[in-house]
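Protein chains in written order, with the UniProt record's numbering: chain A, 1 to 468; chain B, 1 to 468; chain C, 1 to 468.
Because the hints were derived from the structure by calculation, they are not lab data.
For identical chains, the list gives no copy identity; a pair is met inside one copy or between any two copies.
Mimicking DSSO-like on lysine-lysine, the simulated pairs with C-alpha atoms at most 27 Å apart in a straight line are:
{"no.": "1", "residue 1": "450", "residue 2": "98"}
{"no.": "2", "residue 1": "338", "residue 2": "201"}
{"no.": "3", "residue 1": "343", "residue 2": "75"}
{"no.": "4", "residue 1": "466", "residue 2": "98"}
{"no.": "5", "residue 1": "451", "residue 2": "124"}
{"no.": "6", "residue 1": "330", "residue 2": "343"}
So you can see what is in the structure, the chains are spelled out below.
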Amino acid sequence: MVNADRLFPADPATRDIARELYAEVKDLPIISPHGHVPVEWFHDKDYHFANPTELFITPDHYVTRIMHSQGVDLKDLGVGQKNFTEEQSKHAFELLGKYWYAYVGTPMQYWFDDELSTVFGIDKPFGPDTAGEIYDEINDDLKQPEFSTRALVKKFNIEFISTTDDTLDDLHLHDETNADPDFPARLAPAFRPDLYLEPYKTANWAHEVEKLGEVAGIDATTYAGFTEALRRRRVYFKEHGAVLSDHSHADVRTDRLSDTEVNRLFKQAMAGNITPEEGDKLRRHFFADQVEMAQEDGLVMTVHPHVHRDYDPQNLAQYGVNIGADIPAKAEYAVDLKSLLNKYGNNPDFHFVAFTMDETVYSRELGPLAGFYPSLYVGAPWWFLDSPEPILRYFDYITTAAGFTKLSGFIDDTRALCSIPTRHDTNRRLTARFVSGLVADHRLSLEDGKKVMRDSVQSGPRHVFKLD
Amino acid sequence: MVNADRLFPADPATRDIARELYAEVKDLPIISPHGHVPVEWFHDKDYHFANPTELFITPDHYVTRIMHSQGVDLKDLGVGQKNFTEEQSKHAFELLGKYWYAYVGTPMQYWFDDELSTVFGIDKPFGPDTAGEIYDEINDDLKQPEFSTRALVKKFNIEFISTTDDTLDDLHLHDETNADPDFPARLAPAFRPDLYLEPYKTANWAHEVEKLGEVAGIDATTYAGFTEALRRRRVYFKEHGAVLSDHSHADVRTDRLSDTEVNRLFKQAMAGNITPEEGDKLRRHFFADQVEMAQEDGLVMTVHPHVHRDYDPQNLAQYGVNIGADIPAKAEYAVDLKSLLNKYGNNPDFHFVAFTMDETVYSRELGPLAGFYPSLYVGAPWWFLDSPEPILRYFDYITTAAGFTKLSGFIDDTRALCSIPTRHDTNRRLTARFVSGLVADHRLSLEDGKKVMRDSVQSGPRHVFKLD
Amino acid sequence: MVNADRLFPADPATRDIARELYAEVKDLPIISPHGHVPVEWFHDKDYHFANPTELFITPDHYVTRIMHSQGVDLKDLGVGQKNFTEEQSKHAFELLGKYWYAYVGTPMQYWFDDELSTVFGIDKPFGPDTAGEIYDEINDDLKQPEFSTRALVKKFNIEFISTTDDTLDDLHLHDETNADPDFPARLAPAFRPDLYLEPYKTANWAHEVEKLGEVAGIDATTYAGFTEALRRRRVYFKEHGAVLSDHSHADVRTDRLSDTEVNRLFKQAMAGNITPEEGDKLRRHFFADQVEMAQEDGLVMTVHPHVHRDYDPQNLAQYGVNIGADIPAKAEYAVDLKSLLNKYGNNPDFHFVAFTMDETVYSRELGPLAGFYPSLYVGAPWWFLDSPEPILRYFDYITTAAGFTKLSGFIDDTRALCSIPTRHDTNRRLTARFVSGLVADHRLSLEDGKKVMRDSVQSGPRHVFKLD
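This is chain A alone, in the form it adopts within the complex (with noise of 0.2 Å):
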């Protein structure tokens, strides 16, 4: 069984005081504001999953990277698969257990481990002797009722959550899904338009366009309809219950263009010809305006830039994006975000809530910015630095800058279920390890520490994404 005493810290004293920081926000419910579970999830009244594999690891790339990193081959672990039968999905989980040592040290092994004892109650040792037959035993549990995934969802206590949508979706499936009193959260769905703001990189962008136009009700073929359609998508998902638009580009910069300059652009990119440094100035100018349109319709806007995409072609082309191989890049975020921060960052109706992978603007950029300008949030950890060390220095590197206020509360950013309680688990055992620090230290009184608590699961997300 795993230890009510994980991730607490080893000196006997602040330990004590850990475990009581952990007992205010053990129980209290999960708010996820964003994360990539498919709709189809919770819609369907008894989904269930098909077995362990398309559970623990065909979708969920913090698995199957460390295999690809041992030489398993993708298509092994189901991925980019069709009709990956019953035996292969079995021989992927025991190709899990063989390999399961070079999980040692990963949070994946954490939350696997812990995800065995407390969704399913199996407490033997995971690896390559008992991978078989438990992936039977969860085989057979995920058949059960209490193992649909709205089961799994009030099983979890998750209060909220969002999913991450195409920007046309008519979201119909979010309105039946919260209209249904069997459904026990409350389901956000995501407004993500990335691939209208890259003209360049998009393929077939022109097509989009016109796509979106057509949903959104107006001709979108020109630079004005486009942002108007834009405009649009944005107030339809917040009326079916948005809180956040997401955004993941090379960079953070808002350079607008001239009324002029956007609009010939604009022409261009329409008939497919445009140079990359053509879509990188349309991207920074469309950005802009999804800035300015949050100054409107209140959106929270939520950035994760500065990221090596697909990094690997060979496996992109066999087995498409999100295998693993999204390498961070280096980020800037001082310089890129001035302008917008100049502009806006004295607005404390406007939430900017901004996620790195490198760990080198938290005390350098992302602490002392946040420390000064009402509008800028510092996201949590995010993808590798999802994890124990990560998080901890998380702490370390921000809080004596910019405080707890400023944090955006705990991203569990994942397609995979079972995990969320337990990335989400994780984080609460971590942070009271880090504030039962500042305690011991006689920083902060007890009082105090539980306040930081409960914050940090429950009025600090609410207020960072305005959920009330």
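Go by the hints and put chains B and C onto chain A.
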């Protein structure tokens, strides 16, 4: 009451070591080689702070920036306000109480709690409910003779303190203060010629140069005269007690121009006719001149480079400089210091103290360089880094490469008088914490640890800043 | 006497775990896949160090740089001196005693104390008062049979050790040493072709290329011949026991030139007529060739890039290379390795071990890349980072992203023979310290922790460096 063991390690055995180490330095006098307290506070035989807000909030951008990040307008804190009334001051202090929770985890919270307790004997928790009464208590105290600035300097056991001064200042206030047997410390001015070295950035630079010439008694409107004028001012400052010149530019390059080019650009600059790039070229040449002058006059050089000064133009326009919106920039030391170090780095009589807010240069550049070059010292954690976690990281990153003898010793760099003993005490406690870890690791004997402690507050800074 | 628990965690329960973990590896033999000890020390059946200064100071730039930072002239330490007398040697050793305090907090202090105690049985504290007598004691010891280098190799339990050799070396000393049943370890040469790959930087490059051709038995003065010559030398080294090629350039780019361009530039280079930029182009092309050759001959590639070699020209001119003035440069891995990894990163038989002194790439680039690509391994902390705090940070930054199986295992990279067992022991203790934290966190079972320990010193490096 603040806890006697605050900031010490949690592990009981290590904490015992830290206690012993700290005891070595707890009561040693304070050496403050660089800071921003106005000389008038010391010159006036009976200067009293007008009220707690003038003491703790208005002039301290560490404090005001956090409230600003919560949406408070700087003018409500007295920033840039003439005739800030007693009522407004009390309201500002109550705002601090109201937003006190936003300071959790920041050093400002720790310092303030510490100052309330150790300076004013106030041990009730500060917060929204107590801010008003605490204001009144402090306000009463501040009227008392034992709360004149001079009485505080004595109480704080300050042995040496440096102000930062106008290059043209005749320093008679320093002279008179030092001549007064009643003043309990040694008071030094510091030479800070930044504006003269930035012909592009400085408004009305030619006029400033003319004034420089008048004070220096030489026509400074040619490059040769300008250089001689600065040389004379350096010597003047040294004769009046200065131990260092302080510099803060975008970079630390020392590229020299040819005689022809420097004379040509100087003329253009006097005519107000240079580009930003030409301004940078002149500034690097002028900075190289400062380095050469230091070889002769022996003033220590301290550099605080790589900052986006006045990042927020809105607030700058309304409230001026030093409002907490100086944001760290990426640092570059190894490349940019090469020509300087190649020329003068092997001269042990030349002391160059490099500060940074970009922690990435600690282990990559400053530690290795200070561990080779006799002239290079690594400045104490600065501005956003003057906090418990960053101070521990500073030791962690640098001492393995450069040991303890190449550290500057603590620099408070503040205009907040009451925070000076607290900041130094914080650093002494954290030094004890770090060194106790080395002793607990059996890497260092307790006796050597005690010597490291004592030297870190006495012979270390005395040597680095040539105080003897 | 050095403490049995040195470097273990302070918390008693965690320390107990660390003790158990360390016990697993304490007595396991040493694998040293990369270092700089001269082969002559091993070939000679009865090589003895001339005196303690030759053993501990003169050839060890880790030691000399700290004294240099205190103003000591390198010549007084024997650096670059022929006919350094016994008297001068003793004086150098006394200087080490005099400046011993400057080493506090550095690994050099820890290693030296450890070596004195464990190799020479000297347990009195080293320092200004004892340096002279300790010199004499060691000097006596060094004459004894049990202090021949071979006896030390045996005492140190070194199982595998690699030197770093001239590309044209016929390696007969290695062959003879390995053939000698009296030599207690496996001795490998390493292929280091840097100078041939740097046509601009290498003095008299054309002449070096001609000599390469002579040794390789082929006209190397054309690009085709040059490439074939290097290929032959790689194979020659492999046949004589080499397991790796080692490379240290300003970057790790592998941009290929067209056939026409490479032939044209090669000719120009042979004529001594290329620009620095052309030199870089050729070097990147040549480096790409090395990568291709590795696909065929299977030599592991280790890279030590991004260094300002010989930062200090004054000392370089007087004392030559390797004097402690190789300063870390900013690293760039994700961008620069892309083409290499896209081509060969998915080949599990290709082993590429990336070292760095820029810790910012650990969590941002190397961890994520090693956690995806089978061919990529993260090299142990190098040069300034081979220290307790940086080693702990290395585990902290990388293992959550890449686990333990993608680490290189410890690399001592030294020419200081007596420091080899101490450095390996230091790393074993610190690995135990880090892993004990995972066990204490309940993230890892003690049994798995023990396996991580054993693998980190045996099967890990055996796999990475293809020793079996």
